[in-house]
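Please build the complex by placing chain B on the supplied structure of chain A, with the hints as guidance.
So the sequences go chain by chain: A and B.
Residue numbers for the first sequence follow the numbering used here, beginning at 1 and rising by one.
Residue numbers for the second sequence follow the numbering used here, beginning at 1 and rising by one.
Since the hints were derived computationally from the structure, they do not count as laboratory data.
A few of these clues could be false.
[What the hints assert, rightly or not] Some chain B residues close to chain A (C-beta under 7 Å, calculated; not the full set):
hint	residue
1	A68
2	D71
3	R170
4	T174
5	G176
6	A177
7	L180
8	V263
9	Y266
10	T271
[Claimed, not checked] Pulled from the structure, derived: some chain B residues nowhere near chain A, Cβ distances all over 12 Å:
hint	residue
11	A19
12	M66
13	S119
Since the model is a prediction, treat every value here as computed from it, not as a measurement.
Note that the Cβ used here is the ideal one computed from N, Cα and C, for glycine as well.
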Amino acid sequence: MSAPSLEARDLTLSFPGDGEPVQVLGGVSFAVGPGELVALVGRSGCGKSTLLGVLAGLLEPAGGQVLLDGAPAADRLGRLTLMPQRDALMPWRTVADNVAVGALLGGASPDEAARSARAVLRRYGLGGFEEHYPHALSGGMRQRAALARTLLGGRRGWLLDEPFGALDALTRADLVAALEALWAEHRPTVVLVTHDLDEALLLADRVLVLTSRPARVADEVPVRLPRPRGLAASTRPEFARAKARILEALSTGAAA
Amino acid sequence: MTTADRLGAVPRRSRPGAAGLARRAARLLPALLLPLGGVAAWQLVAWLADPRPWLLPSPLDVLRTMAAEHDRLWFHAQGTIRGSLLGLALALAAGLALAVGISASRALDRAVYPWVVASQAIPILAVAPLFPIWLDYGPSQLLVAALIAFFPIVVTGVDGLRAVDPEIARTLRTLGAGRLWVWRHATFPAALPALFSGLRMAAVFSVTGAVVAEYVGADRGLGYLSEIATGQFQTDVVFACIAWLGAIGVALFGLVTLAERLVLPYRYRSTRPRWRTG
Chain A
1 MSAPSLEARD LTLSFPGDGE PVQVLGGVSF AVGPGELVAL VGRSGCGKST
51 LLGVLAGLLE PAGGQVLLDG APAADRLGRL TLMPQRDALM PWRTVADNVA
101 VGALLGGASP DEAARSARAV LRRYGLGGFE EHYPHALSGG MRQRAALART
151 LLGGRRGWLL DEPFGALDAL TRADLVAALE ALWAEHRPTV VLVTHDLDEA
201 LLLADRVLVL TSRPARVADE VPVRLPRPRG LAASTRPEFA RAKARILEAL
251 STGAAA
Chain B
1 MTTADRLGAV PRRSRPGAAG LARRAARLLP ALLLPLGGVA AWQLVAWLAD
51 PRPWLLPSPL DVLRTMAAEH DRLWFHAQGT IRGSLLGLAL ALAAGLALAV
101 GISASRALDR AVYPWVVASQ AIPILAVAPL FPIWLDYGPS QLLVAALIAF
151 FPIVVTGVDG LRAVDPEIAR TLRTLGAGRL WVWRHATFPA ALPALFSGLR
201 MAAVFSVTGA VVAEYVGADR GLGYLSEIAT GQFQTDVVFA CIAWLGAIGV
251 ALFGLVTLAE RLVLPYRYRS TRPRWRTG
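Bound-form chain A, shown alone (with noise of 0.2 Å):
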């Protein structure tokens, strides 16, 4: 499956709010190449989960259009993986067994998920863990299960939701570092909603930021540093400039 190109088209949706209508996005448009990984930051609030859950037909936009290669994909739903910030891994199953229902789910046999969830966890460093349940693993561990997950999943769309949201500093950045290597060596398309400049920064071929809600897109910043960043990206003079801008924009788009 070659990863796919991804457009939103003027996407509108309110929910039901006391009395009036609350409007959440509020004609979002941009779009994703196919390998392309775009962050989308914003204040907290400003609807980015629901713009997620829109992406991956897990909600309808009550106007506008998502697309998938170029055509109109109402029917999405499976699609595009998405990787909420809660690792979302099921208790009752060993760490092994909730790599493979990603694999199950993309149409593998029993035994070939088995097998192919045990080569990942060993590849990406959770060998010797496949037999624990995940509340016996840390934060970080559990986040690299959860993405094992969604490389296992097959889809080479990937809706990443502040996937690191809820780590440590330092734990943060050995993810994210491992995110870049994933991305690097598959190349899905990925959308990375964060609230995290530096990650985004860090990670992102480009940068949305969006308005406070209704979202819309305030700016794009595209981020031109070298491959593989590493921290020590954070500390060249495009990071600050492109870290400026975007600061720029969130300010300006919280007063519209």
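The following block gives chain B in isolation, referenced to the frame of chain A:
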């Protein structure tokens, strides 16, 4: 793998050995203190005050009766055990079916759930005499036991089936899982811990139900025996029945707890046990 990650929980693989068992036994000691002290005080009162045996038999009298009348007690205990177990099984089947229906359908929730609750508002003692009018003792006992035991199963089942982490369901859907797959592999397993709590209550309730049924109309069972013995002032037999009933209740409770440990090992261990595959 990084040190930062490795520093997290690295769980033990060890199983409790002989030392662990001794420690567990020691933990049980406080729980035994109260009943043992009570029985000792009771025996002391019986020795000092020497009441008539029909008024208050001593614990030793009761033990002697339990030994001497063992065959009769066991015969009746079997009736109660059968009624409780069958009632519990029926309660589990009906309760689970209801819980699945109520959690899946808003209409059933509105139409049926209030009546499930109302069914428990009427005291079981008031309803129980009706059953032997229509049915044989066996089925009527089973129904009374099930009627009282199904309630905690429905309530905990409904709560449990709504307890699945929505993030898990959403993630699985985007991985390509259909609704049925999500129900079978996420919604249902997520409900099991709550369901087992309900089942533990139901196990104890079902014994109560079985005995109530025996009181209001039966030709066998500890409730029946106890009623006969009360009429004949055989107070020692009544106490013997009580001891048996307590033991049956505790045994059923223990059975459910054991089943939970086998079905939900993740609640008690950090790794998959060797006896569990797939």
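We went through each hint and held it up to the structure:
At its closest, the beta carbon of A68/B sits 50 Å from a beta carbon of chain A; the interface hint therefore is violated under the 7 Å criterion. Nearest Cβ of chain A to the Cβ of D71/B: about 46 Å, over the 7 Å cut. The hint is violated. For R170/B, the shortest C-beta to C-beta distance to chain A is roughly 6 Å, which falls under 7 Å, so the interface hint holds. A hinted interface residue such as T174/B counts as satisfied when its beta carbon comes closer than 7 Å to some beta carbon of chain A; here the least separation is about 4 Å, so the hint holds.
Restraint check, G176/B versus chain A: the minimum CB separation of about 4 Å is within 7 Å; hint holds. Because the smallest distance between the Cβ of A177/B and any Cβ of chain A comes to about 5 Å, under 7 Å, the interface hint for this residue holds. The beta carbon of L180/B comes no nearer than 13 Å to any beta carbon in chain A, farther than 7 Å, and the hint placing it at the interface is violated. About 9 Å separates the beta-carbon of V263/B from the nearest beta-carbon of chain A, more than 7 Å, and the hint is not met.
Of the supplied interface hints, the one on Y266/B holds, with its beta-carbon coming within about 4 Å of a beta-carbon of chain A, less than 7 Å. Of the supplied interface hints, the one on T271/B holds, with its beta-carbon coming within about 5 Å of a beta-carbon of chain A, less than 7 Å. No beta-carbon of chain A is positioned within 12 Å of the beta-carbon of A19/B; the least distance is around 23 Å. Its beta-carbon lying about 43 Å from the closest one in chain A, M66/B satisfies the requirement of being farther than 12 Å from that chain.
Non-interface call for S119/B relative to chain A: holds, since the shortest CB-CB distance, roughly 32 Å, exceeds 12 Å.
The structure shown violates the earlier hints numbered 1, 2, 7 and 8.
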